[in-house]
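Asker: Protein chains in written order, with the working numbering: chain G, 371 to 852; chain C, 624 to 1071; chain B, 6 to 131.
These aren't lab readings, by the way, just hints derived from the structure by calculation.
One or more hints might be untrue.
[Stated by the list, open to error] Incomplete in silico selection of chain G near chain B, CB under 8 Å:
| hint | residue |
| --- | --- |
| 1 | LEU382 |
| 2 | ALA385 |
| 3 | GLU836 |
| 4 | ARG841 |
Every residue, glycine too, gets a C-beta built ideally from N, C-alpha and C.
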Amino acid sequence: MDRKLIFEKQSLCKASNYFGPDAALQDVAAVLPAAVLREELNLPSVGEFDAVRHYSNLANLSFSVDKNFYPLGSCTMKYNPKINEDMAALEGFIGLHPYQNEADLQGAMELMFNLQELLCKITGMSRFTLQPASGAHGEFTGMLMVKKYHDLSGKKKTKVIVPDSAHGTNPATAAMCGYRIVVVPSGADGLVDIDKLRQAVDSETAAIMLTNPNTLGLFEERILEIANIVHAAGGLLYYDGANFNALLGVTTPAAMGFDVVHLNLHKTFATPHGCGGPGAGAVGVGKALYDFLPVPAVNKAGSRYYFDNNLNNTIGKMRAFYGNFGVLVRAYTYLSRLGREGCLRVSQNAVLNANYIKEKLKSVYEVPFDKICMHETVFSCVKQKERGACAMDIAKCLIDHGIHPPTVYFPLIVKEAMMVEPTETESKETLDNFIAVMQTIDKLIDTDPEEVHNAPRTTPISRPDEVLAARSPDIRWKKSGV
Amino acid sequence: MPYILNTDKDVKEMLKAVGARTLDDLYSHLPAEIKLRDGVDLAKGLSELDTRRRVSSLAAKNKTLGQYNSFLGAGYYDHYVPSAVNFLISHSNFLTAYTPYQPECSQGILQAIYEYQSYICLLTGMDVSNASMFDGASSAAEAVLMALRISRKSKIVVAGAIHPEYRRVLATYVSGLSFRVVEAPAAANGMIDLKELPGVFDGDTGVCLFQSPNFFGLIEDVEKICALAKANNILTAMAVNPMSLGLLKSPGELGVDIVCGEGQPLGGTLNLGGPGFGFLAAKNDCLRQMPGRIVGKTKDRDGRIAYCLTLAAREQHIRREKATSNICSNQSLNAITAAVYLSVMGKEGFKAAAMNSCANTQYLYKRLKEMRGVALPYGNLFFNEFVWTTENAVNILNRLKEKGIIGGYYLGNDFTNQKNAILSCCTEKKSKEEIDTFVNTLALILHG
Amino acid sequence: MAELKFSKTHEWARIEGAFAFVGISDHAQKELGDIVFVELPRVGEKVKKDGRFGTVESTKAASELYLPLSGEVVSTNSELGKAPQLVNESPLEKGWMIKIKLENSAEAKELMDDAGYNAFVAQEKH
């Protein structure tokens, strides 16, 4: 198989006249001093067709949601509806420069405003910003607002609490805001240990960052108690919306006591993952943080939409311009299709599908917390490890069956963890196939351990040497001899 | 019910398998007081046809840049993107794939990102690049944080002529930390005041962030800035328009330590300012302090070339609160778009786009130079945009708009001492006729 | 060669007069797996006992390194830049990480000897 880089291709093709006359209106070399002009530009020149061949072939080497079942925990790899793509590609959207006058942008601003309103209704929050470009970016936005809120109150708040099952972005975000992180252990039931939480919370607690359901897929049943404990100490509750697919239409973060929320539009709201982005991390706040949002806010006066820079306590700006607008169009289109009924069906089917997988596989793969789960469930492959195959081996075997592996080795509190989130858009047939394959792989551990350890074998490469990659990083092409 | 494949029969069977009677039973362990009684207060879901109608009507309410003869730049640029680019990145194996955590089934994505990283290094003259950041402004902020981690100092010097949004985002990014930001003023010529600059540095300065071409379009004396910074043991972080690197000397050649910027000009659409992407590149010895994902090349068990995510110990999922950044998802598809754009355009095509952007803007400059009522305060050492001033600039811009021309970006929005200044930009898409129309219309407006 | 003394965080110190060499134990390198990078302090840095002096990374984890005895860094093992695997292959000898000038050699009393450390590791597993 040809794995040549684009830089290693031999063809040298002249430019294809993409935009107009070959001759420039002025000789730039005569106008700009030679000292600023570059002498060498070592880019390939393969020509359009070979470039199309090259990237089409690369595309063929990868799995995708459109082709493969992708039960990655907390990623919500649901179907990406194609009407969203058509709408995002409309010239009336993609042809807008962010600095055009507001009069030119009314339709786009109406879309953003409407999306903000929809998200308020879905979460019970009072106001939303669509500026952040991802969940982590949303976390940073939310926690900066928390920090400013406390700074203005004059109270000394230095600590942020996260459960030990938290996603790594939570403590990383808190650190970027200058906070010290306090980790609260989970109890034997997989939920936040309320007694340990009580001990950890004090007058310097700025906030607790929680996802609910948590990364074990379990609903924090004592959430209202948690909220009371933190609020009583003058702290705020931050909702990491990565797992919101479980609760859409069922409950809201506001009802659970959260003060600030981020939603991952590329998870719950079906915008495509694009190999790891772009996403969007919409952030919602209650009344207390109403005017702390980043500017400009998208506001409405009468029938006119405008960019409002007058938020009294704004934290400033998280990025240039207004947000990942192309992603927002997709989310808005999706919500228009879903409506009230559709939202509830998302949660119901997501939760049903995950519980179904748990029930069908729990006799084969240990379920550390065997109670009703929400949209995802976590298995532990410790029994398999004792027989000679770890979670990674099982993951690699799934690839040979055309299934993208679930998340492995997270959350950190479960040994040999395998976190499975099917989402609501999968059919029972797909789930049954996954269940059957997982059972087959388990048997294979005893009947053909070599196949398990050598998997995958049907892919363009076998397991790569990640140690070599980290010890001797080769992260860009270099011309040979350089 | 759109997008749900479970039939009533399926639901019944699965409920039985999990031991629940109804779907409501799945939530019986949630506190009753938090459950919504009537679901979310949304209207009924629309059919696909009605959704199309609704969203399309919102698109139709806008006026796009293409409906004007536009000279608007200021950080986002209207370049020509060949059809092949959108075709390729719309492939569902790029669009609907996830982060390539499992390398064996993501080789196409990983190789595309490796090519992107390589392109950024080639353009910027740096040794290493990551797999993208959110946008130019946040990449500049992360470049500064990276420099401070390396230098272990706490003062940041920022050039006054940097994009105003970059400056605001940087201020927000450091607002929770005990770093200080100090401005290096622009001189009367619109560039960093090189005489004043050393005076702004002190023993606690860890980084000097500047932009070239700067927000006024001007090409700074990058070599001199780097020499001054280096003499004071200060790292340099430079924001740059990547399209300009088809024409101008690379920051690497000029001595810059860290390079960042907005990647939208490389095959991206305007899209109301997002999604684009930020790029971040640096010298080899900064590699382990670089935030974001990085793709590396290695071998598989059978000796084949293989790509995988690497150096993950810098990142949040391993390092948690000690990570180089909290960034997880980035702007992967937009970064791959840049690689595809550069590959389709090829060396000559890309050079021509850069050259013609500059040449067209120099032509506009030349014509405005002859115009009574227009002043050009900064000279023509620019890439694709420059500042011109005229009395009642806002009024002039409005009158140009009435004639179907967007004259440029009004600098009075951000600079109190630039109330009559406009920043105008040409890309390779501009024709001589369009530029002449702009100039002639302006002459009519100014002189009657 | 002088005897190795171990800390509860799995580092060892080998005292030689007024100086000490520091590294991580065999148990620690096994737990980490293939080591890909060792981040070491700069010469001249002063670190207190139990203070952080660096990081050791594998592909899947990163661990802080804590100094068993207070001191000033006088040299670091330059081989580890090219060959971090020395820590896996020879954690107690070739994989040494830093050499410090001791501030207070009395602190060594609080460290464990070889037998004591092995017992500590055994009971830590439970």
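Asker: Now look at each hint and say whether the structure bears it out.
Answerer: Verification of the hints:
1. LEU382: 38 Å, violated
2. ALA385: 43 Å, violated
3. GLU836: Result: holds, 5 Å to nearest chain B Cβ.
4. ARG841: 5 Å, holds
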